[in-house]
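Protein chains: 2
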Amino acid sequence: MTAQNTTGVQNVHPSPPEFVRQQLNSVLSDIKIEAIKTGMLFDADNTLAVAAGLKAHFGGVNSPKMPPLVCDPVCVSTSGHTLLQADAVKVMISDLFPITTLVTPNRQEAELILSQSGKQMEINSLEDMISGAMKLRGLGPAAVLLKGGHITLSMEEVRRVCDSSADIDVVRDGLLEENMEILQVAETDPSARHVVVDVLHQDGATTVFVRPRVDSTSTHGTGCTLSAAIACALAKGHNIKEATRLGTTYTHTGIEMAFPVGTGFGPLNHMHSIILRSIPLPTPSIPHPFTRLLIQATSGIWKSYVEHDFVKQLGRGTLPRECFIHFIKQDYHYLKYYGRAYALLGAKSPSFSAIGASAQTMLNVVTEVKTHASFCAQWGVSHKELDTTLESPATTAYGAFIIDTGLQGDRSKLVMALAACLLGYGEVGLWLRKEASKPNSWVKWEGNPYVKWMEDYSGEHYQNAVRAGLEAIEAEAVADPPSRARFNEWVKIWGRCTSLEKGFWDMAMGLL
Amino acid sequence: MTAQNTTGVQNVHPSPPEFVRQQLNSVLSDIKIEAIKTGMLFDADNTLAVAAGLKAHFGGVNSPKMPPLVCDPVCVSTSGHTLLQADAVKVMISDLFPITTLVTPNRQEAELILSQSGKQMEINSLEDMISGAMKLRGLGPAAVLLKGGHITLSMEEVRRVCDSSADIDVVRDGLLEENMEILQVAETDPSARHVVVDVLHQDGATTVFVRPRVDSTSTHGTGCTLSAAIACALAKGHNIKEATRLGTTYTHTGIEMAFPVGTGFGPLNHMHSIILRSIPLPTPSIPHPFTRLLIQATSGIWKSYVEHDFVKQLGRGTLPRECFIHFIKQDYHYLKYYGRAYALLGAKSPSFSAIGASAQTMLNVVTEVKTHASFCAQWGVSHKELDTTLESPATTAYGAFIIDTGLQGDRSKLVMALAACLLGYGEVGLWLRKEASKPNSWVKWEGNPYVKWMEDYSGEHYQNAVRAGLEAIEAEAVADPPSRARFNEWVKIWGRCTSLEKGFWDMAMGLL
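Protein sequence lines correspond, in order, to chains A and B.
Mapping of the first sequence onto the UniProt record's numbering: residues 1 to 512, in sequence order.
Mapping of the second sequence onto the UniProt record's numbering: residues 1 to 512, in sequence order.
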């Protein structure tokens, strides 16, 4: 354990080796291990405890059960505190290296390890790094990543060294490749840049990872971050070279994206590669999180729509006949927009099943219009009268808004625009039926002149469509999780349509 | 420190209090603290070390400098291991509670703390929880959250207790609210559900958080997660009630979204509310990550486009005259699609500045067509001939694909479809100029019949448009980070257009 901050390590309290052994046993006896990373081991006893514990559990050196092990040989803190005692270095070499997949020393650590094993050398150049990595590999680990963060090189030097050997592979990261002149002009000329390299040596092959040098004080824990990131990539099944590439990219982006913390060398930003979900994933207890959010975000206007006075008077059976007739005439016009909107959705569809679903809804609308016409006939409204009725501004506003949304945006935006109608009428139907089922209800079912309307929207056929719509909306959010900006647009469209639905009933009540 | 796994705590190794004090000093002396959370403190000395260290640094009880402190009174592990010794409970009450913003005991911990302070009681019901929370509040902390995860209640019971007091506010989370009949029908009837409650008491006001009971074995570390999540919300400036709501929601979703780990009670999923970025954020060393990804994802086809034989022969000056003429005639037709595509982009625009930018490009296209016509005249192609030239299938394929993409998708998709042309011609211009600048270059500039074309695309005017386009593309990805699915669509469109650009030059070379 350390007492440390961004200015350095102030103190170290070593764990008793017996306790480290118990911690190791607790984890190994219970949890399947996909990769292992060691960090600061401090003393010989602890190093031995870890090495022995791992060998005992996984079956010793060369056991096929041994998971990838990344050994970060944390030796000395930047502030000069010894984090690995001299005799512990020897134990690391003798006991841990033989089961190590990858050891990740920086220059100072590499020099220390080599000197402890009688291979003293100074590492100042790329050639030194390559030869140092080879010597370290000779000490037992399957691979060595010698980190060159403190050695600044020019691109020319890297080329000179690497082009001279067929065994050296160069991986450029963060540097521009060919056919990227437009980016070179927009950015700084990378050939003038200083670069840093990490040298990976394994199986006689050497890979040199090259990237632009970045000056930053947010480098506290860089080595720990890198070794942990590589271990994660190995756990996911990547090979050592690809895991190293992923790990170094992750780490260097973390340095560049860091926030300042503390007065010394602050930590990296480990969160740079993630964004917050704007819609929670469905869970067993909340299977429709997106629809919930939509309704909650617009609860006032949603209530004013689904519990509109038009609905209440309709439920009571007291709705003036002319209001209902005005409503069904305007609904006729609205249905034309609705059918066209599904045609537009069809034109925006990526698959045959989506095209088919749009076509089916269009056909349903056409069928519904026939039912609608005969329903109107019962209320004394002729087909001709339907066609000659002028469209109310509220109808145009709602219908044209849906079409415009479909023109402006993608499929998902149009789906949002169509949802308020589908779900709202479903809600109204269920609400009226639920209220009607209460003792002494204000809702009159038997003998209500509007009973067919209530039956239709609370009935199984329409409610099945509502459920299908719900699932489609939720699936949209899971398949293509929206950014916060996109989510806000969706909520805005949903809220607008909810409001336009309310306006539609205002229009019917006011005979506007 | 603990040796533990999903089956329980196997052993505890207490830190020396002096070392805890040093760790505290390291952090407090260097880093600005926005909120504090305490967990397992184990013994009286450590508890005192923490309380004394905080008071010394922040100026004692009631100091305005004291940040919010959430005290999770971890007392006993699920497996029965003592994690807070009896005398430590007394110190927690006497020394830590007076500087505590919120203490978060579960039933067992609440009973233990109350019994240690002579207020022994059993907590079995919601009434017990409310009275227990009040009694705990009397011990000094500014607020108490008594967690009821182990007490199952019915919604009726919650209503009975809470409706009887005006001081009790009920926050429902994960339960359906009014006007959500459609979700109640699609889900289970929540009134039949068992619920669990957490009781928050502060300043004489009580809030009861109600949520559906979820059965799960992924509950290891639930209390630690909750107290840490609440501390984070307090650090962000939320008040205690809202922080508690956010923390409980986060924690319960973590339980529901957990992956199985270990043979006992596994950990929560702490990652449920995040998704991976599909495009890294721009950094100082990589200011155009999105364009890089696009080019790298399509490097083969991109190279075959920007280093097309048409370009090479044009650079050498050896391109057959009839190929160039065929090209500029078809380019005339292509520009019509291009202008229309920007009109469509204008129709999809959310702001006046976006509408204006589209209009400006449309005007540029119209101007360019005039220049284009006079350029054609120099090559002996009359305006009439331009208009009567049949459109090649390669031209139609490319032009119509852009329009179709604009119809199918949103603004960003259309921007992607338009990028390959803008950036590719910029790349070609820069490449030719760069090659021409080399000694003994294969590119002939002086006396090349196509020098004007090369000047145009490598010139400042066009390159400024390229840079503006680059920035717009990168800004799109930052403002509305795409999901992996959406990013894949973008890459597909970019790759398709790159391929159609290559096809355009194939067409010119083959006089197709």
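One should not assume that every hint holds.
Listed next, the in silico DSS-like pairs over lysine-lysine satisfying Cα-Cα at most 30 Å (straight line) [what the hints assert, rightly or not]:
{"id": "1", "chain 1": "A", "residue 1": "452", "chain 2": "A", "residue 2": "312"}
{"id": "2", "chain 1": "B", "residue 1": "413", "chain 2": "A", "residue 2": "413"}
{"id": "3", "chain 1": "B", "residue 1": "312", "chain 2": "B", "residue 2": "452"}
{"id": "4", "chain 1": "B", "residue 1": "444", "chain 2": "B", "residue 2": "312"}
{"id": "5", "chain 1": "B", "residue 1": "241", "chain 2": "A", "residue 2": "492"}
{"id": "6", "chain 1": "B", "residue 1": "241", "chain 2": "A", "residue 2": "303"}
{"id": "7", "chain 1": "B", "residue 1": "65", "chain 2": "B", "residue 2": "55"}
{"id": "8", "chain 1": "B", "residue 1": "336", "chain 2": "B", "residue 2": "413"}
{"id": "9", "chain 1": "B", "residue 1": "303", "chain 2": "B", "residue 2": "434"}
{"id": "10", "chain 1": "A", "residue 1": "236", "chain 2": "A", "residue 2": "303"}
{"id": "11", "chain 1": "A", "residue 1": "413", "chain 2": "B", "residue 2": "336"}
{"id": "12", "chain 1": "A", "residue 1": "37", "chain 2": "B", "residue 2": "37"}
{"id": "13", "chain 1": "A", "residue 1": "492", "chain 2": "B", "residue 2": "413"}
{"id": "14", "chain 1": "A", "residue 1": "90", "chain 2": "A", "residue 2": "65"}
{"id": "15", "chain 1": "B", "residue 1": "55", "chain 2": "B", "residue 2": "32"}
{"id": "16", "chain 1": "A", "residue 1": "236", "chain 2": "B", "residue 2": "434"}
{"id": "17", "chain 1": "B", "residue 1": "135", "chain 2": "B", "residue 2": "65"}
{"id": "18", "chain 1": "A", "residue 1": "413", "chain 2": "B", "residue 2": "492"}
{"id": "19", "chain 1": "B", "residue 1": "303", "chain 2": "A", "residue 2": "241"}
{"id": "20", "chain 1": "A", "residue 1": "444", "chain 2": "A", "residue 2": "492"}
{"id": "21", "chain 1": "A", "residue 1": "55", "chain 2": "A", "residue 2": "119"}
{"id": "22", "chain 1": "A", "residue 1": "434", "chain 2": "A", "residue 2": "384"}
{"id": "23", "chain 1": "A", "residue 1": "37", "chain 2": "A", "residue 2": "303"}
{"id": "24", "chain 1": "B", "residue 1": "452", "chain 2": "A", "residue 2": "492"}
{"id": "25", "chain 1": "B", "residue 1": "303", "chain 2": "B", "residue 2": "135"}
{"id": "26", "chain 1": "A", "residue 1": "336", "chain 2": "B", "residue 2": "413"}
{"id": "27", "chain 1": "A", "residue 1": "241", "chain 2": "B", "residue 2": "37"}
Derived coverage of chain A by chain B (criterion: at least 3 residues anywhere in the stretch with Cβ under 8 Å from a Cβ of chain B; other residues may be distant) [what the hints assert, rightly or not]:
{"id": "28", "segment": "88-94"}
{"id": "29", "segment": "478-484"}
Because the hints were derived from the structure by calculation, they are not lab data.
Backbone N, C-alpha and C define an ideal beta-carbon position, used for all residues, glycine too.
Against the structure, the hints:
Between residue 452 (chain A) and residue 312 (chain A) the alpha-carbon distance is near 15 Å, which keeps this suggested pair within the 30 Å criterion. Distance hint between residue 413 (chain B) and residue 413 (chain A) is fulfilled; the C-alpha atoms sit about 14 Å from each other, no more than 30 Å. Taking the CA atoms of residue 312 (chain B) and residue 452 (chain B), the gap is about 15 Å. The hint holds against a cut of 30 Å. A threshold of 30 Å between alpha carbons decides the hint, and for residue 444 (chain B) with residue 312 (chain B) the separation of about 10 Å falls inside it, so the pair holds.
Of the supplied pair hints, the one linking residue 241 (chain B) and residue 492 (chain A) holds, its CA atoms being roughly 28 Å apart against a limit of 30 Å. A threshold of 30 Å between alpha carbons decides the hint, and for residue 241 (chain B) with residue 303 (chain A) the separation of about 26 Å falls inside it, so the pair holds. About 10 Å separates the Cα atoms of residue 65 (chain B) and residue 55 (chain B), which keeps this hinted pair within 30 Å; it holds. Taking the CA atoms of residue 336 (chain B) and residue 413 (chain B), the gap is about 19 Å. The hint holds against a cut of 30 Å.
Proximity of residue 303 (chain B) to residue 434 (chain B) is assessed by CA-CA distance (about 16 Å); at most 30 Å being required, the pair is judged to hold. A C-alpha spacing of about 48 Å is found between residue 236 (chain A) and residue 303 (chain A), which places the hinted pair above 30 Å, so the restraint is violated. Between residue 413 (chain A) and residue 336 (chain B) the alpha-carbon distance is near 28 Å, which keeps this suggested pair within the 30 Å criterion. For the hint linking residue 37 (chain A) to residue 37 (chain B), the alpha-carbon distance of about 28 Å falls within 30 Å, and the restraint holds.
Restraint check for residue 492 (chain A) and residue 413 (chain B): satisfied, since their Cα atoms lie roughly 21 Å apart, inside the 30 Å limit. At roughly 25 Å between alpha-carbon atoms, residue 90 (chain A) and residue 65 (chain A) fall within 30 Å of each other, so this suggested pair holds. With a C-alpha separation of about 16 Å, the suggested pairing of residue 55 (chain B) with residue 32 (chain B) holds against the 30 Å cut-off. For the suggested pair residue 236 (chain A) and residue 434 (chain B), the alpha carbons sit about 42 Å apart, so the restraint of at most 30 Å is broken.
Taking the CA atoms of residue 135 (chain B) and residue 65 (chain B), the gap is near 27 Å; set against the 30 Å cutoff, the hint holds. Taking the CA atoms of residue 413 (chain A) and residue 492 (chain B), the gap is near 21 Å; set against the 30 Å cutoff, the hint holds. Of the pairs offered as hints, the one joining residue 303 (chain B) and residue 241 (chain A) holds, with about 26 Å between alpha carbons and a cut-off of 30 Å not exceeded. At most 30 Å may separate the alpha-carbon atoms for a hinted pair to count; residue 444 (chain A) and residue 492 (chain A) exceed this at roughly 35 Å.
Using a Cα cut-off of 30 Å, the hinted pair residue 55 (chain A) and residue 119 (chain A) holds, with the two alpha carbons roughly 27 Å apart. Taking the CA atoms of residue 434 (chain A) and residue 384 (chain A), the gap is near 37 Å; set against the 30 Å cutoff, the hint is violated. Under the criterion of a C-alpha separation no larger than 30 Å, the hint pairing residue 37 (chain A) with residue 303 (chain A) is inconsistent with the structure, at around 55 Å. With a C-alpha separation of about 50 Å, the suggested pair residue 452 (chain B) and residue 492 (chain A) falls outside the 30 Å cut-off, and the hint is violated.
A hinted pair counts as satisfied when its Cα atoms are at most 30 Å apart, and residue 303 (chain B) with residue 135 (chain B) does not qualify at roughly 74 Å. At most 30 Å may separate the alpha-carbon atoms for a hinted pair to count; residue 336 (chain A) and residue 413 (chain B) meet this at roughly 29 Å. The straight-line distance between the Cα atoms of residue 241 (chain A) and residue 37 (chain B) is roughly 40 Å, outside the 30 Å bound, and the hint therefore fails. Note: the segment 88-94 of chain A has 0 residues with beta-carbon separation from chain B under 8 Å; the three-residue rule is not met and the coverage is violated.
Residues of the segment 478-484 of chain A lying with their CB closer than 8 Å to a CB of chain B number 5, which satisfies the three-residue condition for coverage.
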